[in-house]
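Engineer: With the hints as constraints, model all of the structure from the sequences given.
Sequence order for the protein chains is A and B. Per the working numbering, the first sequence starts with residue 580, numbered consecutively. Per the working numbering, the second sequence starts with residue 580, numbered consecutively.
These are calculated hints, taken from the structure and not from any lab test. Some hints here could point you the wrong way.
Since the list gives no way to pick one copy over another, a pair counts as held whenever it fits inside one copy or between any two copies.
[Stated by the list, open to error] With a straight-line Cα cutoff of 30 angstroms, these simulated DSSO-like cross-link-like pairs (lysine-lysine) come out:
| id | residue 1 | residue 2 |
| --- | --- | --- |
| 1 | K697 | K838 |
| 2 | K674 | K592 |
| 3 | K814 | K674 |
| 4 | K697 | K724 |
| 5 | K592 | K697 |
| 6 | K767 | K607 |
| 7 | K699 | K592 |
| 8 | K724 | K814 |
| 9 | K697 | K814 |
| 10 | K724 | K607 |
| 11 | K838 | K607 |
| 12 | K697 | K767 |
| 13 | K767 | K724 |
| 14 | K838 | K814 |
| 15 | K814 | K767 |
| 16 | K699 | K767 |
| 17 | K699 | K838 |
| 18 | K674 | K697 |
Please read these numbers as outputs of a predicted model, since none were measured by experiment.
There are 2 protein chains.
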Amino acid sequence: MLLMGESINGTRKQVAEAIQARDAEFIKTLATDQVAAGAGLLDVNGGVAGGDEVADISWLIETVMSVTDMQLMVDSASPVALDAGVRAIIAAGGKVPFINSISGEQSRIDAVLPLVEKYKCPVIGLCLSDEGIPPTAEDRFAVAKQLYDLCTGAGLPGEDLWIDPLVMAVSADSTAAQVTMDALKLVKERLPVRTTGGLSNVSFGLPNRALLNRTFVAMCAGLGIDGAVLDVRNKAMMANIKAIEALRGEDNFCGGYLKAHRAGILE
Amino acid sequence: MLLMGESINGTRKQVAEAIQARDAEFIKTLATDQVAAGAGLLDVNGGVAGGDEVADISWLIETVMSVTDMQLMVDSASPVALDAGVRAIIAAGGKVPFINSISGEQSRIDAVLPLVEKYKCPVIGLCLSDEGIPPTAEDRFAVAKQLYDLCTGAGLPGEDLWIDPLVMAVSADSTAAQVTMDALKLVKERLPVRTTGGLSNVSFGLPNRALLNRTFVAMCAGLGIDGAVLDVRNKAMMANIKAIEALRGEDNFCGGYLKAHRAGILE
Numbered sequence: 580m581l582l583m584g585e586s587i588n589g590t591r592k593q594v595a596e597a598i599q600a601r602d603a604e605f606i607k608t609l610a611t612d613q614v615a616a617g618a619g620l621l622d623v624n625g626g627v628a629g630g631d632e633v634a635d636i637s638w639l640i641e642t643v644m645s646v647t648d649m650q651l652m653v654d655s656a657s658p659v660a661l662d663a664g665v666r667a668i669i670a671a672g673g674k675v676p677f678i679n680s681i682s683g684e685q686s687r688i689d690a691v692l693p694l695v696e697k698y699k700c701p702v703i704g705l706c707l708s709d710e711g712i713p714p715t716a717e718d719r720f721a722v723a724k725q726l727y728d729l730c731t732g733a734g735l736p737g738e739d740l741w742i743d744p745l746v747m748a749v750s751a752d753s754t755a756a757q758v759t760m761d762a763l764k765l766v767k768e769r770l771p772v773r774t775t776g777g778l779s780n781v782s783f784g785l786p787n788r789a790l791l792n793r794t795f796v797a798m799c800a801g802l803g804i805d806g807a808v809l810d811v812r813n814k815a816m817m818a819n820i821k822a823i824e825a826l827r828g829e830d831n832f833c834g835g836y837l838k839a840h841r842a843g844i845l846e
Numbered sequence: 580m581l582l583m584g585e586s587i588n589g590t591r592k593q594v595a596e597a598i599q600a601r602d603a604e605f606i607k608t609l610a611t612d613q614v615a616a617g618a619g620l621l622d623v624n625g626g627v628a629g630g631d632e633v634a635d636i637s638w639l640i641e642t643v644m645s646v647t648d649m650q651l652m653v654d655s656a657s658p659v660a661l662d663a664g665v666r667a668i669i670a671a672g673g674k675v676p677f678i679n680s681i682s683g684e685q686s687r688i689d690a691v692l693p694l695v696e697k698y699k700c701p702v703i704g705l706c707l708s709d710e711g712i713p714p715t716a717e718d719r720f721a722v723a724k725q726l727y728d729l730c731t732g733a734g735l736p737g738e739d740l741w742i743d744p745l746v747m748a749v750s751a752d753s754t755a756a757q758v759t760m761d762a763l764k765l766v767k768e769r770l771p772v773r774t775t776g777g778l779s780n781v782s783f784g785l786p787n788r789a790l791l792n793r794t795f796v797a798m799c800a801g802l803g804i805d806g807a808v809l810d811v812r813n814k815a816m817m818a819n820i821k822a823i824e825a826l827r828g829e830d831n832f833c834g835g836y837l838k839a840h841r842a843g844i845l846e
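Structural biologist: Have a look at this one:
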C-alpha cells in the first residue's frame, strides 16, 4: 500500500506559520519524520491563505528535497502553482512527482490535463464533477471512467492514474462510507488504474474519529485500495497499516509486522 | 453483521470444567454477558474430552435457554450430538438453531445434510474437503458451490447457508489471509448465500493478535462478510464492530456507535 504522507500542508495552522516564517527546520522535520514513519510519498501543499503560492510551494519543495529524495506529490488548487512545483522538482533532478489532483470539473480538466500530458506525472483523480460529488457509486465510477479516458488519451499509463472515490461524513449520511466502498469496488473491477483516498472525512462530527478512520482504511484495504493519504506519524494508524500489509500478503514472512512490533509501534 | 458469540465452548478449559461440574451459574453468566455485549446468536459447543456429549450439550442448552431466548448455534463434531441439540431446542420451544457445521468432507455431508433437510436449520458451511483446506480461492469457492447445491437441494433457502471460507495463519503462509478474502469475494459475487468466519486463526504465532484479528474482521467487512464468530466480550473488537456497522450504513444516524461511545465501549 502506498502511504501518502499528508502532513506538509499549508492549510494547517502550524505549517502555514512555518511557511510564512520560512522556518525550514520545522518543514524538514515534518519531512524526515514522515519518511522515518514509513511514508512512500510526501504530499506538499503550499496553500497558505493570502500567500504567494508559487513562491511558497517552490520554497517548500526545495526545503523538503534538501533532506530526502523521496517522491513528492505537488498539491494545489492553483494550476500555476502545480506547474511551478512540478518544474522545480524536475529541474532539481527529483523523481517526477504526483499531481494532486485532477477531477471531473471542467475547469480542473482544462487546467490540469495539459500538465499531465506535458510531464506524464502520476495524478490523483477525484470522483467529483461540476455537479459536486455524485451521490451514487455508479455516477462516481462514471467520473473515474471519464478521467481514465482523458488521462490515457493524454498519454498517461492507466496505472499512473490514482482514483480517489471520495468520502463524506457518515454522521451526515449513514450510507456515505458504503457508497465510497461501492465506487471503489466498481473502479477496481472495471478500470486498470490505481486507487487511493483521503479517508478521514468519513468520521467528521463523531467521537473517536481515529477508530473510525483506521477501521475505514482497513475496510477499503480489504477491497484492494492501493494507497491512502494519511498521517503516517499516527502510531495507531500505522499499527493498523502494518496489520493490513501482513494480511494482504504484502509483507513476506510478516517481517515488517514483526519489525514494527519490536520497534514498539504495534502497542 | 451477525455476531456469533463463541464463548460457550467445551474445548476451552474453564468452560469444560463448568460443564463437568454442572456449574449452571458460570454458563448462564457466559450467555447473559454475550447477549449484553451485543451477540446476535450464541454458539453452544459441549465437546468436553471424555464427556458424554449428548448429555453435556443438552444440559448446556437447557441452562442457556433458562436465561435468554436468543437464537443458538449447535456446534459439535458429533452428528448425534448435533441432532440431540437441535431436537432439545425445538422441543423447548426455542428458535430453530443454526448447525455448526457442514463441510465438503464426505463423512460430514453424509452425517449433517440429513439434519439440514429434516430441520431446515441455517448451517455453517466450511470450505474444506476430504483433501483438507484447498490452497486456492477458486477451489474453496468450488466447495462452497458444492455445499450450496447440496443444501438448496435439501430444501434449505440459500440465504440460510453461511459459508465460512476458512483462514490459516499468515505467520505460516503470507498469502493465507488474502486467499480467504479472495474466496470470500468469489462467494459474495457468485452465490446467493451468506458468509461468516471464525477469523482469529489468522494471527496464530504472531504478537498482538488482537490487532491482526480486528483488522482482518474490518477487511472482510469491507468485502461484505455477513457474520463473524467472535468473542463479543472483547471491548476493542466490539469497538471495531461498532465502527464497521456505522461505516457499512447498518447503523442509522450512527445511533449504535454513539450509544457505544456513551457506554465507554469505544475507548
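Engineer: For the identical chains here, do K814 and K674 meet the 30 angstroms Cα criterion within one copy, between copies, both, or neither?
Structural biologist: Only inside one copy: K814 and K674 sit 28 angstroms apart there, 45 angstroms across copies, limit 30 angstroms.
Engineer: At 30 angstroms max between alpha carbons, let me know whether K592 reaches K697 within a copy, between copies, both or neither.
Structural biologist: neither (33 angstroms within a copy, 68 angstroms between copies)
Engineer: Which holds for K699 with K838 at a C-alpha limit of 30 angstroms: within a copy, between copies, both or neither?
Structural biologist: neither (36 angstroms within a copy, 49 angstroms between copies)
Engineer: If the cutoff is 30 angstroms on CA atoms, where do K697 and K724 land: within, between, both or neither? Let me know, please.
Structural biologist: Within one copy only: 21 angstroms inside, 51 angstroms across.
Engineer: Checking K838 and K607: alpha-carbon separation at most 30 angstroms within a copy, between copies, both or neither?
Structural biologist: Result: close within a single copy only, 25 angstroms intra versus 43 angstroms inter.
Engineer: Checking K697 and K838: alpha-carbon separation at most 30 angstroms within a copy, between copies, both or neither?
Structural biologist: neither (41 angstroms within a copy, 53 angstroms between copies)
Engineer: Since the copies are identical, ignore which copy is meant and state whether K697 and K767 lie within 30 angstroms (CA to CA) inside a copy, between copies, both or neither.
Structural biologist: Within. Shortest intra-copy distance 27 angstroms satisfies the 30 angstroms Cα cut-off; inter-copy 43 angstroms does not.
Engineer: Is it within a copy, between copies, both, or neither that the alpha carbon of K699 lies no farther than 30 angstroms from that of K767?
Structural biologist: So K699 and K767 pass the 30 angstroms test inside one copy only (22 angstroms; across, 38 angstroms).
Engineer: Using 30 angstroms as the alpha-carbon threshold, which applies to K674 and K592: within, between, both, or neither?
Structural biologist: Intra 29 angstroms, inter 58 angstroms, cutoff 30 angstroms: intra-copy only.
Engineer: With identical chains treated as interchangeable, where does the CA-CA distance between K814 and K767 reach 30 angstroms or less: within a copy, between copies, both, or neither?
Structural biologist: within (29 angstroms within a copy, 33 angstroms between copies)
Engineer: Have a look at K724 and K607 and pick one of within, between, both or neither, based on CA distance no larger than 30 angstroms.
Structural biologist: For K724 and K607, neither the intra-copy (38 angstroms) nor the inter-copy (56 angstroms) Cα distance is at most 30 angstroms.
Engineer: Is it within, between, both or neither when you check K674 against K697 at 30 angstroms Cα-Cα?
Structural biologist: within (15 angstroms within a copy, 67 angstroms between copies)
The structure is inconsistent with the numbered hints 1, 5, 6, 7, 8, 9, 10 and 17, although it conforms to all the rest.
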